[in-house]
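Engineer: Residues per chain are reported as follows:
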Amino acid sequence: MSDNNLNNLPGGFKGMAQDMGSDQTAFKGVQWGKFMMWIFLLSDTFVFSCFLISYMKGRSSTVVDWPNTSEVFSLHVGGVPVPLLLIAIMTFVLITSSGTMALAVKYGYEKNKKMCAWLVLATAIGGLTFVGMQVFEWSKLIHEGVRPWENPFGAKQFGSFFFMITGFHGVHVSIGVIFLFIFARKTFRGDFDTGKRGFFTSQKSDYVAIEILGLYWHFVDLVWVFIFAFFYLW
Amino acid sequence: MSDEYNQNNTPLETQSSETMSGSSGSTTDIDYVRPAELPEQDLYHSHSWITKWVFCQDAKVIGVQYFLTAVFTGIVGLVLSWLMRLQLGFPELVPFITAEHYYQFVTMHGMIMVVYFLTALFLGGFGNYLIPLMVGARDMVFPYVNMVSFWMFFVAVCVLMASFFVPGGPTGAGWTLYPPQAILPGSPGAGMGIILMLTSLSLFVIGFTMGGLNYLVTILQARTRGMTLMRMPLTIWGIFTATALAMLAFPALLVSCIMMTLDKVLETSFFMPAIIQAGEVLDYGGGSPVLFQHLFWFFGHPEVYIVALPAFGIVSDLISVHARKNIFGYRMMVWAIVGIGGLSFFVWAHHMYVSGMNPWFGFFFATTTLIIAVPTALKVYNWIVTLFRANIRMNTVMLFCLGFIVTFVNGGITGIFLGNVAVDIPLSDTYFVIAHFHMVMGIAPLMVIMGAVYHWFPLVAGRMLSEKLGKWHFWITFLGAYSIYFPMHYLGFIGVPRRYFEMYDSPYMASAIGMNEFITVAALIVGAAQFIFIYNIITSLRVGKPAGKNPWKANSLEWLTSEVPPVHGNFGEKLPVVHRWPYDFNVPGSKEDFITQTTPPSEVIDAEVEKT
Amino acid sequence: MDEIQNKEQGTTTHKIGIYLWIWGLLFVLSFFSYMVDWYAFQGLLRWSLILFFMFLKAGLIMAFFMHLFWERYALVNVLLWPMTAIACFIALMAAEAQYTVFTRAFYFFVGG
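Listed in order, the protein sequences are those of chains A, B and C. Going by numbering that gives the first Met the number 0, the residue at position 141 of the first sequence is 140; the numbering climbs one at a time, nothing skipped. Going by numbering that gives the first Met the number 0, the residue at position 161 of the second sequence is 160; the numbering climbs one at a time, nothing skipped. Going by numbering that gives the first Met the number 0, the residue at position 7 of the third sequence is 6; the numbering climbs one at a time, nothing skipped.
Just so you know, these hints were derived from the structure itself, not from any lab. Bear in mind that the values here come from a model prediction, so they are computed numbers and not experimental data. Positions of the beta carbon are idealized from the N, C-alpha and C atoms, including for glycine. Among the clues, some could well be false.
[Said to hold, decoys possible] Derived DSS-like pairs: lysine-lysine, alpha-carbon spacing no greater than 27 angstroms straight-line:
| hint | chain 1 | residue 1 | chain 2 | residue 2 |
| --- | --- | --- | --- | --- |
| 1 | A | K112 | C | K6 |
| 2 | C | K14 | A | K185 |
| 3 | A | K110 | C | K14 |
| 4 | B | K263 | A | K139 |
| 5 | C | K14 | A | K139 |
| 6 | C | K14 | A | K112 |
| 7 | B | K610 | B | K573 |
| 8 | B | K51 | A | K203 |
| 9 | A | K113 | C | K14 |
| 10 | A | K13 | B | K573 |
| 11 | B | K610 | B | K51 |
[Said to hold, decoys possible] Pulled a few chain A residues facing chain B out of the computed Cβ check, cut under 7 angstroms:
| hint | residue |
| --- | --- |
| 12 | I38 |
| 13 | T128 |
| 14 | P147 |
| 15 | T200 |
Produce the complete structure using the sequences and hints provided.
Structural biologist: What follows is the structure, given as structure tokens:
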């Protein structure tokens with residue numbers, strides 16, 4: 000009964016009932032910060048869901064034709080229009096950064112400071128690249144006359160939803176990138192090994208923070224998967 | 000991730016502090032409680048005046064800060080209601096109240112009362128103070144984020160109040176802020192007013208997301224030894240479910256605020272259809288006003304349960320303590336709270352029956368609305384059965400609980416009228432609706448708040464409030480509030496519309512004039528009576544009877560702190576160990592009429608306690 | 000799944016191979032999604048393929064990169080059941096959009 004080993008707890012539905020019925024914690028083995036991040040991501044999922052639902056409603060009820068996304072978002076390479084090329088590259092970059100982040104979490108828990116730090120830095124650079132490409136895409140479209148209030152390709156709401164949704168996602172990525180650079184520095188400095196107290200919260204640093212940041216970063220990638228499917232491909 | 004709960008490899012307690020025989024893990028030890036899974040919380044200690052009283056990270060101080068700020072906004076809302084009632088009862092009396100101003104009062108009164116007063120008070124005020132105490136934690140799990148969440152709320156309130164002073168004044172679009180009117184010149188405050196309102200709401204949402212994370216993680220992951228979910232007081236269940244709703248409903252509000260801000264500032268057309276304004280064709284087009292309504296009410300309906308559920312939870316505890324009886328059907332009360340919370344996401348468009356939405360939706364939403372009435376009614380039955388043959392102490396707290404039950408039943412029944420599509424059509428946008436939501440969201444939760452203050456003031460301040468003043472306060476408030484809102488049902492039946500500046504010269508509305516005068520006088524009297532309450536609080540802080548420990552002889556952990564009022568760290572050296580639920584009142588065979596949660600079974604061996 | 004028990008740290012991590020496999024799978028699925036557009040599938044086939052690949056990618060990210068596959072059932076349930084409210088909202092807004100476009104076609108073009 001005093002065994003704190005997760006492996007000895009029953010799994011499945013019975014395990015869930017037992018976890019929920021027990022004292023102290025309902026989610027065994029889940030640190031406070033990690034659980035907090037999951038709840039925050041659940042809330043943020045609702046935010047992006049509401050944005051995408053509004054987009055769906057707006058696009059489905061338009062009597063003016065919606066622009067052809069393959070054409071609007073194509074890049075001209077050597078005179079040949081390649082549909083969605085920039086988006087494909089952005090997806091590649093973001094998924095790669097997700098991969099490096101997952102590995103960083105693994106090495107963090109294995110207390111491999113160097114690998115963890117370099118992978119967090121790689122993730123940060125990937126994120127920064129993504130933001131750069133998004134900025135490039137915005138400038139290209141603005142140059143072609145797409146505005147939040149109107150655009151030359153079709154229904155007014157296209158520009159509105161595009162800038163709002165990608166803007167919100169971009170802000171989330173940017174915040175993630177800032178935290179990634181900060182955490183890369185902390186990891187290189189060895190703060191997670193020594194348990195140095197944070198500047199704002201005065202709490203001890205621990206490698207679980209990398210996992211928490213990783214959850215946020217994977218969420219940002221998840222949202223991109225949905226935006227990619229619903230906005231660019233659909 | 001790890002397979003040991005303890006992430007930091009520090010030694011854990013391995014023995015229950017109440018072990019009689021000194022052996023741990025023995026199955027014959029009736030006082031056995033599982034050892035701690037986690038090490039003690041790394042508590043932050045303030046070292047300067049600013050970090051102790053201003054940017055304080057202690058949840059109790061933050062709770063009081065929320066309470067005071069929320070009460071301040073509530074007083075502003077109350078004054079606005081007096082101005083509205085003056086206009087309705089005695090139309091030409093105050094020339095300052097023009098039609099424009101009236102709509103601004105209506106809007107700000109509504110938004111302040113629902114969001115900045117009630118939500119902030121229940122979740123931020125009561126939540127912050129009571130959650131760590133009642134679950135046996137030393138503080139919230141993220142004290143820094145908790146502190147930031149209060150100051151976000153404070154900034155949100157400042158931005159909201161600033162809208163009174165900008166050119167054009169605050170928005171007059173109704174608390175529901177429906178587009179396209181809300182951002183067009185026909186509405187008061189369509190300039191800076193609406194922008195500040197939307198900004199304030201967005202800040203509020205961000206702040207309460209931070210706070211909500213604290214409340215949820217503390218309740219789910221930081222309870223003390225022996226505190227299972229089904230041993231938590233119903234107060235915590237109510238606040239917990241309300242917080243979960245807040246985390247999932249506020250996103251819809253945030254999204255609708257952002258989109259409306261963009262419609263105003265960047266002239267996008269999310270909600271704006273093609274419009275001709277005073278002969279001029281505007282640049283908008285293609286947007287959908289009903290989309291805003293769906294987003295708003297997807298937030299708005301859970302929001303009213305965010306206000307109601309903590310009230311349900313708190314009143315259960317107040318009734319139980321002051322009737323010296325366990326709450327009847329605790330388990331079903333918990334499931335009813337959770338069920339109401341879950342169902343609240345599927346009923347939103349009962350606010351939209353006359354909006355011109357898809358006509359088939361009425362079937363779906365009327366059905367779900369009637370379903371959600373079932374767990375709500377179940378709770379009312381259980382409160383009444385709890386009181387049946389109980390040892391009721393007819394003090395101020397109990398009076399407010401009884402007042403809650405009466406007004407909530409009244410408001411709940413009128414909700415059934417409004418939940419049916421056909422019956423709603425003539426009643427929609429009339430005073431019947433105003434009567435309904437004031438009874439069920441205004442008066443009833445307010446009764447609970449007042450009762451809760453009389454109940455927990457002895458803990459927070461260490462002194463009792465005056466019973467005599469309390470009873471005066473109760474009777475004037477209760478009878479007065481009934482006098483205000485009961486006649487409004489009749490006004491609604493004869494068709495008097497809501498959000499109207501004046502009654503005009505219509506023949507059937509002439510009969511409403513006398514009624515309106517009566518309601519206004521009642522409202523002003525009830526408003527004045529609140530000064531009794533404020534006077535009571537302020538004087539009792541100095542000359543109130545010292546409360547001592549656990550003056551009400553309650554069972555829950557907040558009354559079992561090392562000092563009264565509780566200090567930083569809450570419980571002194573050792574955290575409490577819980578052996579039972581908080582409702583062991585008048586247990587047959589027990590010496591006292593109450594058994595606290597920390598009393599081990601070995602001390603009450605003769606009592607026929609329930610296995611909880 | 001193969002787990003590496005880090006006894007000293009008290010944590011459990013997984014072999015690098017798993018992450019590389021999932022990484023590769025995500026690229027393959029993204030490539031297939033892209034092909035849906037390249038080959039210009041239309042109508043029901045397009046939508047169902049887009050949704051299929053999207054949910055598959057989302058599921059892989061959540062299960063393996065976010066570790067949900069190895070977390071206890073309680074956490075997974077608490078995260079996934081609220082999605083039913085979103086699903087209800089989606090279904091109803093789709094119906095609302097249909098109604099809106101019907102009223103617009105009727106009143107703007109047919110004449111109210």
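Engineer: Now look at each hint and say whether the structure bears it out.
Structural biologist: Here is how each hint holds up against the structure:
1. K112/A to K6/C: holds, 17 angstroms
2. K14/C to K185/A: holds, 25 angstroms
3. K110/A to K14/C: holds, 15 angstroms
4. K263/B to K139/A: Judged against 27 angstroms, a Cα distance of about 25 angstroms means the pair holds.
5. K14/C to K139/A: Outside the cut-off at roughly 42 angstroms; violated.
6. K14/C to K112/A: With Cα atoms ~17 angstroms apart, K14/C and K112/A stay inside 27 angstroms; holds.
7. K610/B to K573/B: Distance ~25 angstroms between K610/B and K573/B Cα, so the pair holds.
8. K51/B to K203/A: With Cα atoms ~21 angstroms apart, K51/B and K203/A stay inside 27 angstroms; holds.
9. K113/A to K14/C: At roughly 18 angstroms apart (the allowed maximum being 27 angstroms), K14/C and K113/A satisfy the hint.
10. K13/A to K573/B: violated, 33 angstroms
11. K610/B to K51/B: violated, 42 angstroms
12. I38: holds, 6 angstroms
13. T128: This interface hint is violated because 27 angstroms lies over the 7 angstroms limit.
14. P147: Holds. Min distance 5 angstroms.
15. T200: holds, 4 angstroms
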